[in-house]
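There are 2 protein chains.
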Amino acid sequence: MIFPPWKGYFSAVQLEQPSPSQASVTPMNKAPQTAITPTRSQDYPEWYQQVIKHADLAENSPVRGCMVIKPWGYALWENMQRALDKMFKDTGHQNAYFPLFIPMSFLEKEAQHVEGFAKECAVVTHHRLEPDPETGGLRPAGPLEEPLIVRPTSETIIGAMYAKWVQSYRDLPILINQWANVVRWEMRTRLFLRTAEFLWQEGHTVHATSEEAIEETNKMLKVYADFAENWMAVPVIQGEKTPGERFPGADMTLSIEAMMQDRKALQAGTSHFLGQNFSKAQEIRFQDKDGQLAYAWTTSWGVSTRLIGALIMTHADDDGLVLPPRLAPAHAVILPIYRDEESRVQVLEYCNRLKADLGKVAYAGRAVEVQIDDRDLRGGEKKWYHVKRGVPLRIEVGPKDIAKDAVFVARRDTGESTSVGRADLVANITTMLDNIQNNLFERAKKLQADNTVTITNEKDFRAYFTPKNADEPEIHGGFALCHFASEELVQPLLDELKVTIRCMPLENNGPGTCFLTGQPAERMAVFAKAY
Amino acid sequence: MIFPPWKGYFSAVQLEQPSPSQASVTPMNKAPQTAITPTRSQDYPEWYQQVIKHADLAENSPVRGCMVIKPWGYALWENMQRALDKMFKDTGHQNAYFPLFIPMSFLEKEAQHVEGFAKECAVVTHHRLEPDPETGGLRPAGPLEEPLIVRPTSETIIGAMYAKWVQSYRDLPILINQWANVVRWEMRTRLFLRTAEFLWQEGHTVHATSEEAIEETNKMLKVYADFAENWMAVPVIQGEKTPGERFPGADMTLSIEAMMQDRKALQAGTSHFLGQNFSKAQEIRFQDKDGQLAYAWTTSWGVSTRLIGALIMTHADDDGLVLPPRLAPAHAVILPIYRDEESRVQVLEYCNRLKADLGKVAYAGRAVEVQIDDRDLRGGEKKWYHVKRGVPLRIEVGPKDIAKDAVFVARRDTGESTSVGRADLVANITTMLDNIQNNLFERAKKLQADNTVTITNEKDFRAYFTPKNADEPEIHGGFALCHFASEELVQPLLDELKVTIRCMPLENNGPGTCFLTGQPAERMAVFAKAY
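Protein chains in written order, with the numbering used here: chain L, 34 to 564; chain C, 34 to 564.
Hints were generated in silico from the structure; no laboratory data involved.
Beta carbons are placed, not taken as given, at the ideal position from N, Cα and C, and that holds for glycine.
Errors might be hidden in some of the hints.
[What the hints assert, rightly or not] Calculated from the model, a selection of chain C residues having no Cβ within reach of chain L, i.e. all distances over 10 Å:
1) Ile102
2) Phe131
3) Ser138
4) Glu167
5) Thr242
6) Gln309
7) Asp321
8) Asp323
9) Gly324
[Stated by the list, open to error] Listed next, the stretches of chain C that the computed footprint assigns to chain L, with coverage defined by at least 3 CB atoms under 8 Å from CB atoms of chain L:
10) 202-216
11) 455-467
[To be verified] Now the in silico label distances, taken between C-beta atoms and shown as ranges:
12) C:Pro78 x L:Asp118: 34 to 44 Å
13) C:Lys197 x L:Met220: 47 to 57 Å
14) L:Asp118 x C:Ser138: 21 to 31 Å
15) C:Ser138 x L:Lys433: 42 to 52 Å
16) C:Leu530 x L:Gly125: 18 to 28 Å
17) C:Ser138 x L:Gln66: 37 to 47 Å
18) L:Lys197 x C:Pro78: 28 to 38 Å
19) C:Asp323 x L:Pro71: 20 to 30 Å
20) L:Arg399 x C:Gly324: 14 to 24 Å
21) L:Met220 x C:Glu520: 12 to 22 Å
22) L:Glu178 x C:Asp89: 54 to 64 Å
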């Protein structure tokens, strides 16, 4: 492998690698091989599971469909929370906390809502356990008068409180967000992407006018797009869902959609304009400025731990996780290299000083976080441990480096490495991290651009979404931009090809001709296979 | 009311007020009255509910026993979380997240544990809802093979994961904390103090030796005591629980106990040494340095939103909430005062500049947070709104103040107020906040000291815990320090007087003579009525 010169660190973007598969880093004295088996091209779904396992992000628990988020994965989630929480507060929202349980009767109030969630919810029916004489174990006892649902989303329980809180136009708007766990009894689960319990935030707002509620719905979609692109380095398409894909009970659902490395789409966040549906079902009314009683207008919006799945599938490579620096739990890891006790003391002292110096630099709103890995492991094992965990920069320090007051630095995203003077490293660390952040974003943006086409007829549409090779059923075209006359008309073809309408992009959209029927079409949508 | 001179702000501690009831602030042109009705001495339990209501901290929800934590209360909890989380991380712990649900069979594994929690837990028995032809509504469907318990605490589900993660002594210690919601089906609930669902953190650690696990148990008790005293300004007694009061499944339970203003005790945090009880029940075993398979030693420790109840009952007065500055969601509120549009522009401009200047000052790890309340409300109404919410400093700014480049500042804790030059305020804000923080702590410490006695015989014990006045059944002695021969011997008397053994203090304790039996006693305990 060729190590580019130091200036390489300061080039804004590195796009020389073929995309999506990046040249893997080659371990010394070995034939080229990857740290993750299988590779993306061999078996993408299994590669995804192995990346999570080797990065120690999460694992399945003994409770069906519920995952354990391990410290490295949870630290990533905490960084996501911190950035999002600030964006919510900067846009005028406050946090609060509402009950985990929803009385069954509350769910019944909004017809479409119950339709959407009744089929997959955890139901609490008893409030204690008692000895079971038959089995010698325990059995549920103390039946509840009314069953409780573990919240799959909180529109109904929060709406019940809002109905009490809202009396007058002076009480509006209400702009509240909640960080919480929710449960949806999914039958097929996959770590982060689809789990029975997941962590999320759900914003719930109440407004005096339709216009203001729609403005809020749009504003929060923009916040999500900003977070996805500028923190996660995941480029997204902002759009509106077709009626059939709306949140149950919404008048309009907006979403951000990202392209994963297998070219499938992943919905990364949604923002819903709920009209007066929930306010009518729950009597959220207020006296307006003219003294008239009016139903309020509500919105809700959320992102979840699913974002971690999106991050992995956007940036990870055949050597494991690749973390965008702005969200990485550690920006750099220092690996001390020494042979004997004397050099050990000297090297560790140098490493600790370097860590302290780097820790004085601020990056993306927090101090640069550096770990020193002084475990008693072979150097190769240790290096690959951190490569697989996706730490943006790996710094190696041995006696020879110290003699030059320099260290060996390797980038996780490109594999580039070089020797850097200690002072230079401290002075340029934020630029180096920014370069990685930008490279990840540009690389993902290029993947999306290279795999998005405009299609105007059925033949091309079929060809685009038909796997080229029976061995690789997952490999298909990517995103197709097509005008369509109506959801109903295209649905049979979509079902046949296992393609879905992701969203109707908010930008650069307008009337045209339906790719399938030739009829006039109001708007274009992104069509794709999806998670 | 007499306003003390400016130097009053810089006196380290203000103890002139009678404790526990502080002289109330008198509204202009009215007979002395309080913002909260009833007062503490009139009806302490109802006063508590009214303080929460008027400070807008929380309220009951339609779900029995579950509360809604409103923005002002949740912001307080977030500040508590931030401080505690840093203390946990500084002592080497990492956060993770484990499932909400616990299979029923897991709870059965530890005999004492199930005994402690089976009687009050939410049981999930179904995973969907279906139309109920009888009622026209919904009914539970899709019965689960094994019921799931909503976690009342997570020793069993976390232990099941630890059993997989721990193989060798090299995997130890495991030092993990979780921020989560838990559910205990309490029959009598009270906001923050006892609710069916509450928010908490639970630390769960695994160690190779008993000594190390005991050291961890002690270390985390010290962290809790540090947090209670230095952040919440709540003085606590650190002690060990008697066997009958231990956590179900623990070999030793340590707690911090605080005295509320009605002189009852409130357990504010617990740290448990679990011995090998859970590791044996769940097979948490490791190969030690000699290659032998050994059971690990575990601990757990937690504090919850109950701390908010402790904070309220320690510091609030007859005018409402009083917040310790280090945890207050806002350190100061600015009330602009103006008569016309011209002065409005001038005053608001001045207020915004003051807020920006104060915001550049750091206090207790974050920027000084200032709110400007420019709502269209009468001055008195606005003032009392913030008094009841407990904001440490109230700043009033009118044209006459601006002419002098000075502002009117009032302390929430003592009611003192004075005119302060703008530059002086910015220069001295941290000292002023520290003075309030220290005053709250010293005031609470004095209450505890004034109401703690050593008792050596039954007659004095009975007298101490018997209300002096039938009209005030809640008013009694306070804390009694007594040597006792055994828990069993004193229990009948305690049941009669509704007194409990809070803990055996870790400091200044040793052998003596039992207050009840005259027998030799190993240690002294704190006896008190309790929440």
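Going through the hints against the structure:
Distance to chain L contradicts Ile102 (chain C) as a non-interface residue, since its nearest Cβ pair spans about 4 Å, not more than 10 Å. A beta-carbon of chain L comes within 10 Å of the beta-carbon of Phe131 (chain C); the shortest separation is about 5 Å. In this structure Ser138 (chain C) is not separated from chain L by more than 10 Å, as the shortest Cβ-Cβ distance comes to only about 7 Å. Against the 10 Å criterion, Glu167 (chain C) stays outside the reach of chain L, whose nearest CB is about 14 Å from its own CB.
Separation of Thr242 (chain C) from chain L is adequate, the least Cβ-Cβ distance of about 20 Å exceeding the 10 Å criterion. No beta-carbon of chain L is positioned within 10 Å of the beta-carbon of Gln309 (chain C); the least distance is around 21 Å. Against the 10 Å criterion, Asp321 (chain C) stays outside the reach of chain L, whose nearest CB is about 17 Å from its own CB. Consistency note on Asp323 (chain C): stated as away from chain L, and its beta-carbon is indeed over 10 Å from all of that chain's, at 18 Å minimum.
The claim that Gly324 (chain C) lies off the interface holds: its Cβ sits roughly 17 Å from the closest Cβ of chain L, which is beyond the 10 Å cut-off. With 4 residues having a beta carbon nearer than 8 Å to a beta carbon of chain L, the region 202-216 of chain C meets the requirement of three or more and the stated coverage holds. Residues of the region 455-467 of chain C with a Cβ under 8 Å from some Cβ of chain L number 0, which does not satisfy the need for three, so the listed coverage is violated. A beta carbon spacing of about 35 Å between Pro78 (chain C) and Asp118 (chain L) agrees with the range 34 to 44 Å that was offered as a hint.
Look at Lys197 (chain C) against Met220 (chain L): about 25 Å separates their beta carbons, and that is not inside 47 to 57 Å. As the Cβ distance of Asp118 (chain L) to Ser138 (chain C) is approximately 38 Å, the hint placing it in 21 to 31 Å is violated. A hinted range of 42 to 52 Å for the beta carbons of Ser138 (chain C) and Lys433 (chain L) is inconsistent with their spacing of about 58 Å. For Leu530 (chain C) and Gly125 (chain L), the Cβ-Cβ distance of about 53 Å falls outside the hinted range of 18 to 28 Å, so the restraint is violated.
Judged by the Cβ atoms, the range 37 to 47 Å given for Ser138 (chain C) and Gln66 (chain L) holds: they are separated by roughly 43 Å. Judged by the Cβ atoms, the range 28 to 38 Å given for Lys197 (chain L) and Pro78 (chain C) is violated: they are separated by roughly 23 Å. In this structure, Asp323 (chain C) and Pro71 (chain L) break the distance hint of 20 to 30 Å, their C-beta atoms being roughly 39 Å apart. At about 43 Å, the CB distance of Arg399 (chain L) to Gly324 (chain C) disagrees with the hint of 14 to 24 Å.
Separation of Met220 (chain L) from Glu520 (chain C) is about 51 Å and departs from the stated range, judged on CB atoms against 12 to 22 Å. Remark: the range hint 54 to 64 Å for Glu178 (chain L) to Asp89 (chain C) is contradicted by a beta-carbon distance near 31 Å.
Of the numbered hints listed earlier, those contradicted by the structure are 1, 2, 3, 11, 13, 14, 15, 16, 18, 19, 20, 21 and 22.
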